[in-house]
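One line per chain: the protein sequences are R and A, in this order.
In this text, residue positions in the first sequence follow full-length UniProt numbering: the first is 1, and each later residue adds one.
In this text, residue positions in the second sequence follow full-length UniProt numbering: the first is 1, and each later residue adds one.
Calculated from the structure, these hints are not laboratory results.
For each residue, glycine too, the CB sits at the ideal point set by N, CA and C.
Wrong hints could be hidden among the right ones.
Facing chain A, from chain R, some residues (calculated, C-beta under 10 Å) [claimed, not checked]:
1) Q99
2) E100
3) T102
4) A107
5) N108
6) T167
7) P226
8) L249
9) A251
10) Y253
11) C257
Calculated Cβ distances over 12 Å to all of chain R for the following chain A residues [said to hold, decoys possible]:
12) L10
13) S41
14) V102
15) L149
Each chain is listed here by its residues.
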Amino acid sequence: MAAPLPAARAVANATGDAPSAPAREPLARLAQVGKTFQNGVEALRAVDLEIRRGEFLSLLGPSGCGKSTILRLLAGLANPSLGRIDWPATEHDLGFVFQEPTLMPWANVFDNVWLPLRLQGQSRATARPRVEEALAQVGLSGFDRAYPRELSGGMKMRASIARALATRPALLLMDEPFAALDEITRMKLNDDLVALKCELNATVVFVTHSVFESVYLSDRIVVMAPRPGRVVAEVAVPAPQPRNEDFRLRAEYAELCRETSRALHRAMGAEPAGGETGSQ
Amino acid sequence: MNRDRAIRTLLPALAFLAALAAWEAIVRINHIPPVILPAPSLIGATLVKDWPTLSGSLVVTLSITLEALVAATVGGTLLALLFAQWRPLEYTFFPFTVILQVTPVIAIAPLLLVYLTPGEAVLVCSFLVAFFPILANTSLGLTSVDHNLLDLFQMYRASSWRQLLWLRIPAALPYFLGGLRIGGGLALIGAIVAEIAAGSAGEGAGLAFRIVESGYRLNIPRMFAALVLISVSGVAIFVCTTTLSWLLLHRWHDSARRREP
Numbered sequence: 001m002a003a004p005l006p007a008a009r010a011v012a013n014a015t016g017d018a019p020s021a022p023a024r025e026p027l028a029r030l031a032q033v034g035k036t037f038q039n040g041v042e043a044l045r046a047v048d049l050e051i052r053r054g055e056f057l058s059l060l061g062p063s064g065c066g067k068s069t070i071l072r073l074l075a076g077l078a079n080p081s082l083g084r085i086d087w088p089a090t091e092h093d094l095g096f097v098f099q100e101p102t103l104m105p106w107a108n109v110f111d112n113v114w115l116p117l118r119l120q121g122q123s124r125a126t127a128r129p130r131v132e133e134a135l136a137q138v139g140l141s142g143f144d145r146a147y148p149r150e151l152s153g154g155m156k157m158r159a160s161i162a163r164a165l166a167t168r169p170a171l172l173l174m175d176e177p178f179a180a181l182d183e184i185t186r187m188k189l190n191d192d193l194v195a196l197k198c199e200l201n202a203t204v205v206f207v208t209h210s211v212f213e214s215v216y217l218s219d220r221i222v223v224m225a226p227r228p229g230r231v232v233a234e235v236a237v238p239a240p241q242p243r244n245e246d247f248r249l250r251a252e253y254a255e256l257c258r259e260t261s262r263a264l265h266r267a268m269g270a271e272p273a274g275g276e277t278g279s280q
Numbered sequence: 001m002n003r004d005r006a007i008r009t010l011l012p013a014l015a016f017l018a019a020l021a022a023w024e025a026i027v028r029i030n031h032i033p034p035v036i037l038p039a040p041s042l043i044g045a046t047l048v049k050d051w052p053t054l055s056g057s058l059v060v061t062l063s064i065t066l067e068a069l070v071a072a073t074v075g076g077t078l079l080a081l082l083f084a085q086w087r088p089l090e091y092t093f094f095p096f097t098v099i100l101q102v103t104p105v106i107a108i109a110p111l112l113l114v115y116l117t118p119g120e121a122v123l124v125c126s127f128l129v130a131f132f133p134i135l136a137n138t139s140l141g142l143t144s145v146d147h148n149l150l151d152l153f154q155m156y157r158a159s160s161w162r163q164l165l166w167l168r169i170p171a172a173l174p175y176f177l178g179g180l181r182i183g184g185g186l187a188l189i190g191a192i193v194a195e196i197a198a199g200s201a202g203e204g205a206g207l208a209f210r211i212v213e214s215g216y217r218l219n220i221p222r223m224f225a226a227l228v229l230i231s232v233s234g235v236a237i238f239v240c241t242t243t244l245s246w247l248l249l250h251r252w253h254d255s256a257r258r259r260e261p
C-alpha cells in the first residue's frame with residue numbers, strides 16, 4: 001500500500017483556494033456495522049469505517065458488496081442489524097445523489113432543486129437565491145424553468161446534484177451517480193465534481209465500481225468484497241485536489257490505478273472472513 | 001407539417017362523408033323503406049323535427065351521466081387516497097369494489113329498481129361502472145411512485161401528508177386521468193343500460209328510453225336519431241377528458257409528447 005504523503009496534503013492546502021480546515025476531524029463513524037436483510041442475505045459484516053470532514057471517500061467493489069447499503073445506512077434509510085453509526089459532529093445534513101437522476105418529472109428544474117428546502121419550510125421566494133446558487137454551481141444557470149424530460153442525461157444528473165447541494169449538506173452521498181452516462185459526459189462531470197468539491201470543501205462518500213473514476217476523484221478509496229459485504233483494503237490517493245486532465249497522464253495516477261486494481265482483484269478472490277461460505 | 005395535419009383531418013372526414021353518401025345511395029336505389037333502414041337525410045330531418053322531445057331526453061341522459069361521473073371521480077379518488085394512506089383499509093374493502101365491478105350492471109339494475117326510483121337507479125348504475133376504473137387507476141398511481149423519490153422524501157423527513165401532496169398525488173395524476181377517460185365512457189354506457197332496464201317514461205325519459213319506445217312504435221328514423229345523439233355525447237365526453245388530460249400532462253408526461261417524424 002502506498003504510504004500517504006503528508007507533503008502532498010500540504011501542497012494541496014497551499015495551492016488550493018479551499019480553506020485549510022482541520023481536514024481530518026471525523027464526521028461519521030461506523031463501528032462493527034453488520035446488516036442482514038429480511039430475506040436472510042448478509043449485506044454487510046463487521047464494517048469499521050470513518051468518514052472524515054472534507055475528504056472525498058470512494059467505496060469501490062463489485063456489485064453485491066454492500067457499497068450502496070453503507071450509503072443507505074448513512075442516509076438513515078435503513079438501520080444496521082449490528083454495530084452502530086456515530087455522528088461526532090453536531091450538524092450532519094445530508095445530500096443524496098442516486099444512480100438515476102430521480103427528478104420529479106412534473107416539476108421543473110427550479111422546483112426539483114427547491115424540494116429539500118421546501119421540505120425544511122422555505123418558501124419559493126426565500127429559497128430562490130440558494131436554488132439559483134446551487135444551479136450555478138452545477139452549471140445549470142438559466143435552466144430553472146426546463147422540465148426534466150427536456151434535459152440530456154448529463155444535465156439531469158447535474159440538476160440532481162444541485163438538489164443534493166441545496167441544503168449545503170455536511171455530507172454528500174453519491175451512489176454510482178455517473179454509471180449510466182456516456183464516457184465523455186462522465187469525464188466532464190468528474191472534473192466538475194472535483195472542482196465543486198474543492199470549492200465547497202465538502203465531504204463526499206462516492207460509490208463506484210470504476211477503478212479509474214475512484215482514483216481520479218478520491219482522497220481515499222475503501223475497497224470492499226462481496227458475500228458478505230466487508231471492507232478489505234484501503235488505498236490513499238495523496239495527489240493534491242483539485243485534479244485535472246493532467247493527473248490522468250501522470251505515472252502516479254497509473255501506479256495508483258494498478259494498486260487499486262490489485263486490491264480489488266484480491267477482494268474478489270478473497271474468502272469471506274471466518275472461512276464461511278456466504279449464503280446468497 | 002401543416003399539410004400532414006390537413007390530411008389527418010381531411011381523410012377521416014372524407015371517409016365519413018363517403019360512407020354516408022353510400023348509405024344514402026343504397027337506400028334510394030333499392031327503395032328500402034324507412035321502417036327497415038332510414039336514409040341519413042331522413043335521420044337528419046327526424047333529428048330536427050323531433051328535437052323538442054329528443055333534446056329533453058338528451059339533457060336527462062347527459063345530466064345523469066355527468067352527475068354519476070362527478071360522484072365516481074370524487075368517490076373513487078377519495079377512496080384511493082384513503083387506501084393509499086391506510087393499507088389495511090385497502091385489504092378490507094378492495095374485494096367489495098371488485099365484486100361490484102365484475103357483476104354486470106344490467107344484472108344489478110332490476111334489483112336497484114326495487115329499492116330506488118328509476119332516476120336514482122340509473123344514476124347508481126352509471127356511478128358503479130365509472131367508479132371502479134377511477135379507483136383502481138388512482139390506487140395504482142398512488143402506489144407506483146419512484147422508490148428513490150420516496151427515499152429522498154424519507155431522508156428529508158417529509159411528513160406523510162407532504163409526501164402524499166407533493167409526491168404521490170402528482171405521480172398518480174397520469175393514472176387518474178387514464179381512469180377518468182375510461183370512467184367517462186363507462187358512465188354513459190352505464191346510464192344507457194340502466195335506462196333500458198328501468199324503462200322510465202314521461203318527464204325523466206332519457207335517450208335510451210326513446211330508442212326502446214321508438215322501437216315499439218316502429219319509428220326507426222327516431223331510433224337512429226336518438227342513437228346519433230348518444231354517439232355524439234360519447235364523443236363529447238371523450239374529447240373533454242382527453243383535452244383535460246392533455247392540458248394537465250403535456251408539459252411533462254411522455255404520454256402527451258409529440259414525436260418528431
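For each hint, the structure was consulted:
| no. | hint | in the structure |
| --- | --- | --- |
| 1 | Q99 | holds, 8 Å |
| 2 | E100 | holds, 7 Å |
| 3 | T102 | holds, 4 Å |
| 4 | A107 | holds, 8 Å |
| 5 | N108 | holds, 8 Å |
| 6 | T167 | holds, 8 Å |
| 7 | P226 | violated, 22 Å |
| 8 | L249 | violated, 36 Å |
| 9 | A251 | violated, 40 Å |
| 10 | Y253 | violated, 33 Å |
| 11 | C257 | violated, 31 Å |
| 12 | L10 | holds, 32 Å |
| 13 | S41 | holds, 50 Å |
| 14 | V102 | holds, 33 Å |
| 15 | L149 | violated, 6 Å |
Going through the hint list in order, the structure does not satisfy hints 7, 8, 9, 10, 11, 15.
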